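Novice: What follows is each chain in one-letter form.
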Amino acid sequence: MSESAGNAPPLSQAAGQKTVQVWLRMIFAYTALVIGSAVMILPFLWVVSTSLKTSPEVFAYPVVWIPEVIQWGNYPMVLELLPFGRYLLNTAFVTTSVTILEVVTASLAAFAFARLRFRGRDKLFMLYLGTLMIPGQVTLIPNFLLMRWFGWIDTYLALIVPAAFSAFGTFLLRQFFLSIPRELEEAARVDGASPFRVYWQIIMPLSGPALATFAVFSFMTQWNAFLWPMIVTQSEGTRTLTVGLRFFQDELVTQFNYLMAGTVMSIVPVLVLFLALQRYFVRGIAMTGMGGR
Amino acid sequence: MFLAPNIIGFLLFSMLPVGATLVISLLNWDLIRDPEFVGLQNYTTLLTEDPLFREVLFNTAYFVVGVVPASIVISLLLALAMNNGLRGISLFRAIFFIPVITSSVAVAMLWRWLYNTDYGLINVGLNAMGLPYIPWLTSTDWAMPAVIIMAVWKSLGYNMVIYLAGLQGISPTLYEAAALDGAGGWARFRDITLPLLGPTTFFILVISVINSFQVFDLTFILTQGGPGIATTTIVMYIYDQGFRYFQMGYAAAIAWVLFIIIFLITLAQMQYQKRWVHYD
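Heads up: the sequence lines are chains A and B, in that order. Letter 117 of the first sequence, counting from 1, is numbered 117 in the numbering used here, and no numbers are missing. Letter 21 of the second sequence, counting from 1, is numbered 21 in the numbering used here, and no numbers are missing.
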């Protein structure tokens with residue numbers, strides 16, 4: 001101890017060295033982050049720029065970043081080329097329905113797992129956890145056959161119902177419900193409140209952030225879903241945006257200005273939601289991260 | 001009562017199908033004629049007689065090995081850069097997160113244009129630096145690297161946010177104590193940061209491997225599995241067999257093989273983690 005103290009430089013010099021080091025690190029970190037951010041953001045700017053160009057400008061060399069005359073008309077044009085409005089409406093309807101149903105069914109089940117006593121509760125919960133590890137493709141074929149058997153192919157039901165039950169959400173909300181102190185409900189129980197009243201009037205109002213986190217996640221997942229909607233939709237009446245974009249791509253192979261306008265329109269709704277509710281997105285990530293510990 | 005809605009849905013759309021897939025995988029069923037029981041024939045064909053499947057398996061492994069380590073290393077570096085008490089962290093975090101929230105379909109549409117051989121931004125940039133054009137999506141050698149670069153780009157923000165949460169959970173007093181003991185920056189990183197991030201890294205590793213094995217949307221839109229079958233992955237093969245050729249039994253068998261592969265790899269990671277991950 002005394003030895004190292006003897007070798008240490010005088011305090012002010014050490015502090016000076018330290019600030020230089022800290023500054024260097026800050027500059028280094030900023031540089032890395034600015035370059036990284038540019039790599040993240042440039043493709044999006046390029047897409048927006050492309051979506052506002054005329055066809056010759058799209059293929060111009062050197063690259064035109066800001067079109068001479070901004071072609072706002074590309075956007076209404078896309079709406080004419082394909083029933084984009086319909087796709088948007090389908091996606092919005094399906095996504096909203098799934099999100100609401102998922103939150104309701106998952107919070108009810110989570111409440112049962114967190115607060116009620118019944119036989120086989122813990123075993124059943126383990127089963128739920130177990131299915132989280134099963135890749136979705138394993139259930140793809142039987143679910144498709146089930147939809148066929150129900151006669152639900154190419155209906156909203158096929159898009160909504162199988163997606164409305166989330167084992168992940170049940171797990172997430174159960175963990176949160178367990179963290180709510182039981183004392184809060186005891187008074188209500190003594191007064192003879194039913195479990196449903198406890199769920200609805202005590203647990204749910206206290207769980208705003210957790211519910212919002214799950215809802216935001218559910219919304220994003222559903223909005224971006226592709227494989228299942230592609231399999232169970234067959235007509236424009238039920239197709240979602242992602243599936244619509246794919247057909248759009250097949251039709252307009254190299255008309256990149258229209259393709260990119262369509263892509264931008266599909267991104268914007270989730271982007272707006274993200275910018276408005278950013279902390280719930282980030283919290284959701286942190287929570288799923290915690291799940292692995 | 002509370003469980004009823006969820007459990008019915010859960011049984012019908014999650015538990016039942018897992019078993020059903022196993023049963024279907026024992027059938028020869030094209031949805032037109034009646035299903036015919038063929039025992040394990042789908043599996044023996046798949047594993048011993050199907051050269052396509054071997055290639056598909058290789059492509060998928062190539063993708064996983066290409067994406068996972070690169071994404072982990074880069075996202076850790078970014079999280080470290082961000083964990084310096086800088087201003088504007090939330091702005092950077094938001095920017096890195098935009099590709100995460102964007103649908104894979106939109107991302108792949110966007111990159112298809114970026115990768116365009118003659119007019120895409122990437123080749124135009126390479127050309128400006130005096131480098132030759134790369135036929136990203138039309139060459140069997142370049143198509144998979146193109147898919148991998150795009151997938152890493154999309155995944156960085158997610159892993160970075162998890163790493164950032166892990167970094168913020170490390171007590172600053174540990175670094176102070178180490179600094180007093182004369183540990184340099186690299187030594188502190190190696191002896192404090194990395195070991196304490198062990199559980200975080202393990203989580204990211206397991207999740208990334210599972211997700212990468214299931215890649216579909218990105219490759220389906222970017223390359224349609226081509227050129228040839230250079231970027232056809234396992235899930236695309238399931239889709240092709242099941243929903244283009246309507247070989248339901250064969251597709252179900254592939255799905256089960258995928259499940260077993262993912263299960264075994266996850267299990268191996270769980271076993272192996274005891275050697276390098278320490279929970280305190």
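One or more of the hints may lead you astray.
Partial selection, computed: residues in chain A whose CB lies under 7 Å from chain B [as the list claims (entries may be wrong)]:
hint: 1; residue: 26
hint: 2; residue: 47
hint: 3; residue: 137
hint: 4; residue: 165
hint: 5; residue: 226
hint: 6; residue: 245
hint: 7; residue: 269
hint: 8; residue: 272
hint: 9; residue: 274
hint: 10; residue: 282
Here chain A is said to cover these stretches of chain B; the calculated rule only asks that three of the stretch's residues, wherever they fall, bring their Cβ under 8 Å from a Cβ of chain A [what the hints assert, rightly or not]:
hint: 11; region: 12-26
hint: 12; region: 36-47
hint: 13; region: 54-65
hint: 14; region: 142-149
These aren't lab readings, by the way, just hints derived from the structure by calculation. Computed from a predicted structure; not experimentally measured. Heads up, the beta-carbon is just placed ideally off N, CA and C, and yes, glycines get one too.
Novice: Hint by hint, note whether the structure agrees.
Specialist: Status of each hint after checking the structure:
1. With a least beta-carbon distance of about 6 Å to chain B, the hint placing residue 26 of chain A at the interface is held under the 7 Å criterion.
2. Hint status for residue 47 of chain A relative to chain B: holds, with the closest Cβ pair at about 5 Å, below 7 Å.
3. At its closest, the beta carbon of residue 137 of chain A sits 5 Å from a beta carbon of chain B; the interface hint therefore holds under the 7 Å criterion.
4. Given the 7 Å rule on beta carbons, the hint for residue 165 of chain A holds: about 3 Å separates it from the nearest Cβ of chain B.
5. Hint status for residue 226 of chain A: holds, given a least beta-carbon distance of 5 Å to chain B, under 7 Å.
6. Checking residue 245 of chain A against chain B by beta carbon gives a least distance of about 5 Å; that is within 7 Å, so the hint holds.
7. The restraint placing residue 269 of chain A at the interface with chain B is violated, with a minimum CB-CB distance near 11 Å, outside the 7 Å limit.
8. Using the Cβ-Cβ criterion of 7 Å, the hint placing residue 272 of chain A at the interface with chain B is not satisfied: the shortest such distance is roughly 11 Å.
9. Given the 7 Å rule on beta carbons, the hint for residue 274 of chain A holds: about 5 Å separates it from the nearest Cβ of chain B.
10. Interface hint at residue 282 of chain A: satisfied, since its Cβ lies 6 Å from the closest Cβ of chain B, which is below the 7 Å cut-off.
11. Coverage of the region 12-26 of chain B by chain A holds [criterion: at least 3 residues with CB-CB distance below 8 Å; count 10].
12. A stretch counts as covered by a chain when three or more of its residues have a beta carbon under 8 Å from one of that chain; for the region 36-47 of chain B and chain A the count is 0, and the coverage is violated.
13. A count of 0 residues in the region 54-65 of chain B with a Cβ less than 8 Å from any Cβ of chain A is obtained; the coverage claim is therefore unmet, three being the minimum.
14. With 0 residues carrying a beta carbon less than 8 Å from a beta carbon of chain A, the region 142-149 of chain B misses the three-residue requirement, and the given coverage is violated.
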